[in-house]
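Asker: As a plain string of letters, each chain reads:
Number of protein chains: 2
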Amino acid sequence: MGQTHTIRMRLSRQPVEIVVGSGHLNQLGSRLRRMALGTHPILLSNPNILRRHGKAIQKALRRVGGPVATLTVADTEQSKSLPSLSRLLSALAKLDGPGKRPFLVLAGGGVVGDLGGVAAGLYKRGIPYVQLPTTLLAQVDSAIGGKTAVDLPQGKNLVGLIVQPRLIFVESKFLETLPERQFRSGLAEVAKGGIIRDAALFKALEKSSTQQLRKGADRLSWALYRAMRVKAAVVEQDEFETKGIRTILNLGHTFGHALETASGYRRAYTHGEAVAVGIRVAADMSKSLGLISACSADRIRSLLRHLGLPVTFRGVRLADITRAMSHDKKWFTGRNRWVLPTGIGRCTVKENIPAHVITKAIRGAWEG
Amino acid sequence: MGQTHTIRMRLSRQPVEIVVGSGHLNQLGSRLRRMALGTHPILLSNPNILRRHGKAIQKALRRVGGPVATLTVADTEQSKSLPSLSRLLSALAKLDGPGKRPFLVLAGGGVVGDLGGVAAGLYKRGIPYVQLPTTLLAQVDSAIGGKTAVDLPQGKNLVGLIVQPRLIFVESKFLETLPERQFRSGLAEVAKGGIIRDAALFKALEKSSTQQLRKGADRLSWALYRAMRVKAAVVEQDEFETKGIRTILNLGHTFGHALETASGYRRAYTHGEAVAVGIRVAADMSKSLGLISACSADRIRSLLRHLGLPVTFRGVRLADITRAMSHDKKWFTGRNRWVLPTGIGRCTVKENIPAHVITKAIRGAWEG
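So the protein sequences, as listed, match chains H and R. Residues 2 to 369 (this note's numbering) make up the first sequence, in order. Residues 2 to 369 (this note's numbering) make up the second sequence, in order.
So that you can see chain H by itself, here it is in the shape it has in the complex (with noise of 0.2 Å):
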């Protein structure tokens, strides 16, 4: 077992542990015996993890004394589905009953973290929940912050809430079986928190290759370690994404979306390949608004490649992005919002970008 890194969550109800280590997933059943957060651990996964880690998982659940229920659901996007949700509240309350105090351990990527977290925020209005997050991005994003949601025919993630888990347990030994773009592709969020706040963590990724992070678990660990403690950081400052902290963490998110959105159902580019394309292109705005030196900007473009990130779009036309950007719910009604580093660890928000910079940067990206 490597160095372990841990950090505390202050938050309005209840404090939030995050702890990430590799290969210290044994003292998982200890940690929530001693944080007492029920007698009967519900685990959420997905066929994948486990067949890969369940018997581990399992193991480490029984140390909390009770008996360890396990549910499954399909990693698809369909399982964060209203239907879904519905089967997984009575599946809980099957497994309830008098004296029993159940709470959820979430061991997966968005899909099982979504979905088992509006369930742990509404049953019972609100048990206590783990998340055990077994991707890359999970880990770095969607499993701190306390966002979780369901999808509407409609649209993504409609209905949900904002509802904290009690422990973020992060094991990088999960990632040893991602796939390599996978893996690339949550470098994009660990890279983000480097270009928002933090200029070490920025600096350690430029001497690191991907093959040392993923070969290199103490590494990797202060990585994951770093970037999370960003994103902790801002979610402390606003978590109920009143006060328009938060939006920081968009970086490279609203040309991303517009990306992901343009290039439709062939998954041309993956979330965080179209994020770090986003990326650039803040990169470039910024520099054009002389909000950042031409070397930092470099700087950004240079270490999204190292990471073996892509930096520029093709296979999509400009117009399509366009349309796309205008229906993101981050642009309000007549004003574009956008994310720009204005050095390394440093960004800043700023509304009514005029469309020429905007459009520049797009173009000055894109390879037809």
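Rather than coming from a laboratory, the hints here were simulated on the basis of the structure. No experiment lies behind these values; they were computed from the predicted model shown. Where is the CB? At the ideal position from N, CA and C, for every residue including glycine. Be aware that a few hints might be false.
[Claimed, not checked] Stretch by stretch, here's where chain H covers chain R in the computed footprint (C-beta under 8 Å, at least three residues):
1) 120-132
2) 143-153
[To be verified] Residues from chain R that face chain H, not an exhaustive set, calculated with beta carbons under 7 Å:
3) Ser13
4) Ser87
5) Leu90
6) Val160
7) Ile163
We have chain H already, so just place chain R on it with the hints.
Answerer: Relative to the frame of chain H, chain R by itself:
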């Protein structure tokens, strides 16, 4: 228009405005416009309320500026279900669109308030909502405190959240068409407020007949206001029901729920009637334990009778009451927990009360 009373609850995220009055429904629109809750009011109500008050409510809501959408649900417990919640969430998504800021106005009793509250809490991770309660029980009790829920086949109120409305607008004229028995049942919760925390309310109720309350708009508004003020103050101190303070709102409910359950589907007792018998039982227990004077316990029982509420029960086996109580969630493992009046306007919470004290008090209220 008579006198209007206002209460401002200070809670964790945003304050809640409470306005109580008679014949002031025409003030709702301008108040909502001032509060700037959104651009598109969506009225959720039941057919009965819409037939009687729909036009007046819609007229008030048109003052907000945008068009007023109206959604209807049946006023039955079946509406408090996940399928009905799904339909409501989809309806909200269909009414929503770019640039719109919808908010919900819930005009009805507990069913509309509970179902609509869950939907408001979940749609887009929370949109503002207004409680416009139309029954006495909803006005003095369920509309305040943010507890919302729907049922599962496994049990009532198993799925929900604590999410506060932005405004609770109480129009006592809605009660004019309320059936006599429902009105009297609601008075049990008004009396409860006086017993646990407001001696002045208690004394005012002693001096009013049910008829005077039904016909005297100002007298009724004042009593509603005082009872709501008690609940509002308790909720302010314990918003998420984590500190045990909200427990005192359960005076009469441990026995009351058991009586409702034991008398089953025959609906021999309304919620308020069952609570009234429960308050009498609690007062007798308190007297046995030497926590309240015989004189005060008698005054409590007399007030309930004076309001036309039962203080005895029949047609139920005592064993069924005991069994129902042992399933109550407020009965922790091996312990029982009771709210006991200690005077007029005062109460306490006691655990581990000897079984013979409980049995004696219940037997005393039993007519076989």
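Asker: A separate judgement is required for each hint: does it hold in the structure or not?
Answerer: Do the hints match the structure? See the list:
With 6 residues having a beta carbon nearer than 8 Å to a beta carbon of chain H, the segment 120-132 of chain R meets the requirement of three or more and the stated coverage holds. Look at the segment 143-153 of chain R against chain H: 3 of its residues bring a Cβ nearer than 8 Å to a Cβ of that chain, three or more, so the hint holds. The beta carbon of R:Ser13 comes within 6 Å of a beta carbon in chain H, closer than 7 Å, and the hint placing it at the interface holds. Interface restraint check: R:Ser87 against chain H, minimum CB-CB distance 5 Å, threshold 7 Å, status holds.
Hint status for R:Leu90: holds, given a least beta-carbon distance of 5 Å to chain H, under 7 Å. For R:Val160, the interface hint holds, since its Cβ comes within 7 Å of a Cβ in chain H; the closest pair sits about 5 Å apart. Nearest Cβ of chain H to the Cβ of R:Ile163: about 6 Å, under the 7 Å cut. The hint holds.
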